[in-house]
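Protein chains: 2
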Amino acid sequence: MAATAAAALTPATPLRFKPYSTLRFLSFYSKNPISPRLFPPLPRRPVSFHSTIPRKRCFCSVISAALQSGEMKKTEFPEKKVGEMGNTVGEFRKKLKIADIKGGPDEGLNRVGQTVVVMGWVRTLRVQSSVTFLEVNDGSSLSNMQCVMNSDAEGYDQVESGLIATSASIWVQGTLVASQGSKQKVELKVEKVVVVGKSDPSYPIQKKRVSREFLRTKAHLRPRTNTFGAVARVRNALAYATHKFFQENGFVWISSPIITASDCEGAGEQFCVTTLIPSSREAADSPVDAIPNTKNGLIDWSQDFFGKPAFLTVSGQLNAETYATALSDVYTFGPTFRAENSNTSRHLAEFWMIEPELAFADLDDDMACATAYLQYVVRHVLDNCKEDMEFFNTWIEKGVIDRLNDVAEKDFVQLTYTDAIGLLLKAKKKFEFPVLLVYFLFKPT
Amino acid sequence: MAATAAAALTPATPLRFKPYSTLRFLSFYSKNPISPRLFPPLPRRPVSFHSTIPRKRCFCSVISAALQSGEMKKTEFPEKKVGEMGNTVGEFRKKLKIADIKGGPDEGLNRVGQTVVVMGWVRTLRVQSSVTFLEVNDGSSLSNMQCVMNSDAEGYDQVESGLIATSASIWVQGTLVASQGSKQKVELKVEKVVVVGKSDPSYPIQKKRVSREFLRTKAHLRPRTNTFGAVARVRNALAYATHKFFQENGFVWISSPIITASDCEGAGEQFCVTTLIPSSREAADSPVDAIPNTKNGLIDWSQDFFGKPAFLTVSGQLNAETYATALSDVYTFGPTFRAENSNTSRHLAEFWMIEPELAFADLDDDMACATAYLQYVVRHVLDNCKEDMEFFNTWIEKGVIDRLNDVAEKDFVQLTYTDAIGLLLKAKKKFEFPVLLVYFLFKPT
Numbered sequence: 001m002a003a004t005a006a007a008a009l010t011p012a013t014p015l016r017f018k019p020y021s022t023l024r025f026l027s028f029y030s031k032n033p034i035s036p037r038l039f040p041p042l043p044r045r046p047v048s049f050h051s052t053i054p055r056k057r058c059f060c061s062v063i064s065a066a067l068q069s070g071e072m073k074k075t076e077f078p079e080k081k082v083g084e085m086g087n088t089v090g091e092f093r094k095k096l097k098i099a100d101i102k103g104g105p106d107e108g109l110n111r112v113g114q115t116v117v118v119m120g121w122v123r124t125l126r127v128q129s130s131v132t133f134l135e136v137n138d139g140s141s142l143s144n145m146q147c148v149m150n151s152d153a154e155g156y157d158q159v160e161s162g163l164i165a166t167s168a169s170i171w172v173q174g175t176l177v178a179s180q181g182s183k184q185k186v187e188l189k190v191e192k193v194v195v196v197g198k199s200d201p202s203y204p205i206q207k208k209r210v211s212r213e214f215l216r217t218k219a220h221l222r223p224r225t226n227t228f229g230a231v232a233r234v235r236n237a238l239a240y241a242t243h244k245f246f247q248e249n250g251f252v253w254i255s256s257p258i259i260t261a262s263d264c265e266g267a268g269e270q271f272c273v274t275t276l277i278p279s280s281r282e283a284a285d286s287p288v289d290a291i292p293n294t295k296n297g298l299i300d301w302s303q304d305f306f307g308k309p310a311f312l313t314v315s316g317q318l319n320a321e322t323y324a325t326a327l328s329d330v331y332t333f334g335p336t337f338r339a340e341n342s343n344t345s346r347h348l349a350e351f352w353m354i355e356p357e358l359a360f361a362d363l364d365d366d367m368a369c370a371t372a373y374l375q376y377v378v379r380h381v382l383d384n385c386k387e388d389m390e391f392f393n394t395w396i397e398k399g400v401i402d403r404l405n406d407v408a409e410k411d412f413v414q415l416t417y418t419d420a421i422g423l424l425l426k427a428k429k430k431f432e433f434p435v436l437l438v439y440f441l442f443k444p445t
Numbered sequence: 001m002a003a004t005a006a007a008a009l010t011p012a013t014p015l016r017f018k019p020y021s022t023l024r025f026l027s028f029y030s031k032n033p034i035s036p037r038l039f040p041p042l043p044r045r046p047v048s049f050h051s052t053i054p055r056k057r058c059f060c061s062v063i064s065a066a067l068q069s070g071e072m073k074k075t076e077f078p079e080k081k082v083g084e085m086g087n088t089v090g091e092f093r094k095k096l097k098i099a100d101i102k103g104g105p106d107e108g109l110n111r112v113g114q115t116v117v118v119m120g121w122v123r124t125l126r127v128q129s130s131v132t133f134l135e136v137n138d139g140s141s142l143s144n145m146q147c148v149m150n151s152d153a154e155g156y157d158q159v160e161s162g163l164i165a166t167s168a169s170i171w172v173q174g175t176l177v178a179s180q181g182s183k184q185k186v187e188l189k190v191e192k193v194v195v196v197g198k199s200d201p202s203y204p205i206q207k208k209r210v211s212r213e214f215l216r217t218k219a220h221l222r223p224r225t226n227t228f229g230a231v232a233r234v235r236n237a238l239a240y241a242t243h244k245f246f247q248e249n250g251f252v253w254i255s256s257p258i259i260t261a262s263d264c265e266g267a268g269e270q271f272c273v274t275t276l277i278p279s280s281r282e283a284a285d286s287p288v289d290a291i292p293n294t295k296n297g298l299i300d301w302s303q304d305f306f307g308k309p310a311f312l313t314v315s316g317q318l319n320a321e322t323y324a325t326a327l328s329d330v331y332t333f334g335p336t337f338r339a340e341n342s343n344t345s346r347h348l349a350e351f352w353m354i355e356p357e358l359a360f361a362d363l364d365d366d367m368a369c370a371t372a373y374l375q376y377v378v379r380h381v382l383d384n385c386k387e388d389m390e391f392f393n394t395w396i397e398k399g400v401i402d403r404l405n406d407v408a409e410k411d412f413v414q415l416t417y418t419d420a421i422g423l424l425l426k427a428k429k430k431f432e433f434p435v436l437l438v439y440f441l442f443k444p445t
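Sequence order for the protein chains is E and L.
Each step along the first sequence adds one to the number in full-length UniProt numbering, with nothing skipped, and position 85 is 85.
Each step along the second sequence adds one to the number in full-length UniProt numbering, with nothing skipped, and position 176 is 176.
You can trust all of the hints, since none of them are fake.
Identical copies carry no separate label here, and so any pair may be met within one copy or between two of them.
Derived pair list, reagent style PhoX-like, types lysine-lysine, alpha-carbon separation capped at 25 Å:
#1 Lys-308 to Lys-218
#2 Lys-207 to Lys-398
#3 Lys-244 to Lys-95
#4 Lys-244 to Lys-94
#5 Lys-410 to Lys-244
#6 Lys-443 to Lys-80
#7 Lys-386 to Lys-95
#8 Lys-428 to Lys-410
#9 Lys-410 to Lys-95
#10 Lys-80 to Lys-429
#11 Lys-426 to Lys-410
#12 Lys-430 to Lys-80
#13 Lys-386 to Lys-244
#14 Lys-443 to Lys-428
#15 Lys-410 to Lys-94
#16 Lys-80 to Lys-428
#17 Lys-410 to Lys-80
#18 Lys-183 to Lys-398
Because the hints were derived from the structure by calculation, they are not lab data.
Just chain E, same shape as in the assembly (with noise of 0.2 Å):
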């Protein structure tokens, strides 16, 4: 578990994210003054065992050197008592985040006159002449934390020297106010602000509106845009709420294999998991006649990872069912791959599906669970995601609240077949694909 560090990731400088990656960048351009608690020097990583010692015998000769050297003599372990050695390690504190702060009832008017430390990525920077706006974001919420700096604000030179600029992380101390804008109930009157990673005018994701296309060209900085963060947020949300509704209900979570030998119903075209041809390093290279073959030309299998060939999986629900058949109801939820090559919003090569198993449960049992489900994560994320929802609802998708609140609050109706293709039949409604063609087509027999 290595901890990332906060930098802000300047555009124009390849990045190599290798362990400790980011911090070194950081350090490396940073000349401000950095709080020593933050960033302690980091201890070099060991050597991986594997990559460098790949014999036994090379343990014998690093150890003869040693012994040659006279090293190991030299080392001592000093007789101390465990309790001597090291320090307790720290206790865990959920940091104060943005969200804590104006998430509750009053919006944080109850913290007013509390000292509190926010640390994340500037959004804006408004320079008045008297007073500094800045707006932080910590991810925690959409809205970000105003703020307002006066020249007198311990760091305020990074300010006038530029440091400060969108997308630079910062670490800014200082008290909450009432605040006199409309946008928000409170504010933070700055103390002492430290930039933790600078940015510069060349950041890609500045205040005007970006596409997605253009985003999905910065793929490691949309996270820091607002739709990508409210997806992110809401996605968490529908997630533990899944893990919560089946939870609360005594189902068991199955992780169904992902690598497997069994294809289930039919479902879709499978990938393929081959060690057969050369990893990543060495793929884009690859003869194939260097894949192994049997006499009569045919692919060998028997050279395999698994001896046989493999693929991943396209439902978790053979193994589910197993589960079922013994433990009641279970659940799976993890990712599933289709190979299909049809490049719609329906159809993803990979995708995280939720496969609930009942024992003892017949068609209504069914259908019961799958309404309950589904308005429990609903109501879920309505209550739990609203400023998202509001985003959404103001920016994506006009109305989808108000949909979202009939899933949740509605009645849902089992009806016949025929019923429904009646119902379609009589809405104003053109379809792609004529609703008697349908009927036809999937009429239960």
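Given chain E, put chain L in place with the hints provided.
Showing chain L alone in chain E's frame:
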């Protein structure tokens, strides 16, 4: 979401896991009255669009055939209002499970006198002169519900005819009474029993202990054993506690990509994911020269699914870092893959990994988070899986509960590398690799 019927699988018959296959199997074998509420007739599944109608022109032929046959004109869609169609989907109710009955502080005594229904699988059957004891397990807990049956109970003839045997799935209604036995506080005085799925004496997991190697050959039945049931419940508790810990501490769950073109910190060999090799149905006989190649005999990756080589992820860290530098604290929890061909208990080809990424954190915060997480999940399992942990403590690893209590309650200490080696040198234990050798190989420089 298909409801899985609780069929007792007769092992001599080959199993085909297709939709409703367990149910079909069941209805074929069962000659006993089955509660009509339990298993109403199932609707036929609509045929798969893809498998039967691959091309657009088929639409027309289906429609025109229907028109010519006059079938289309015959179809009537009665004019109903929405309110007249169908019924409201029923309420989803959490099933009363054996764990709910016996899991409370008074182990079920508070429910004495209640009429309850238990659905599960027969573990053992003891027919005595005046009374029959049935041990029924529903997978919600390790311990069974002891069901006591007189010959006047409805359905008792199924005991006499041998239908109720080990692993048969049954539905039992009765009254909870205080138990005379020392092993449980309550038992069920049976009023009615229904065999949902029968079993027979060839069922391979009878009362005597069987080896895990043997169970490996009965993978579809081993979830019904004590060991695999306990493992599933503890694994489920660990997974849920993992989500709870991070969610309660403001982390956002990120589902990092499983299929990826990135390597990550050289963590291990990668599996290649490809569609250049035919899918499961034809893979066994695939000729090497059917793999697309370029003029100079290299694999033509442009014809692969993603147009370039793709692999299974060895770590979600790269992606989690981009989200941590936007949302502050995130974690991944998903499957990870290593194609290292070493068959040890520490090298798995597929495993679920948790990767927290903390922004604005240093190594001390990192250690505090790691130890708090460990203590949280260990405490959660000790509190919520008592019976299963006692089973492990008795049968799998003596002392495991004491050891885990230590982990959950004692302070973690951080110490220097040299102090750690000093401790190991003093330990009266023979290690596979000499401690001094390890010291020189991994010594921080």
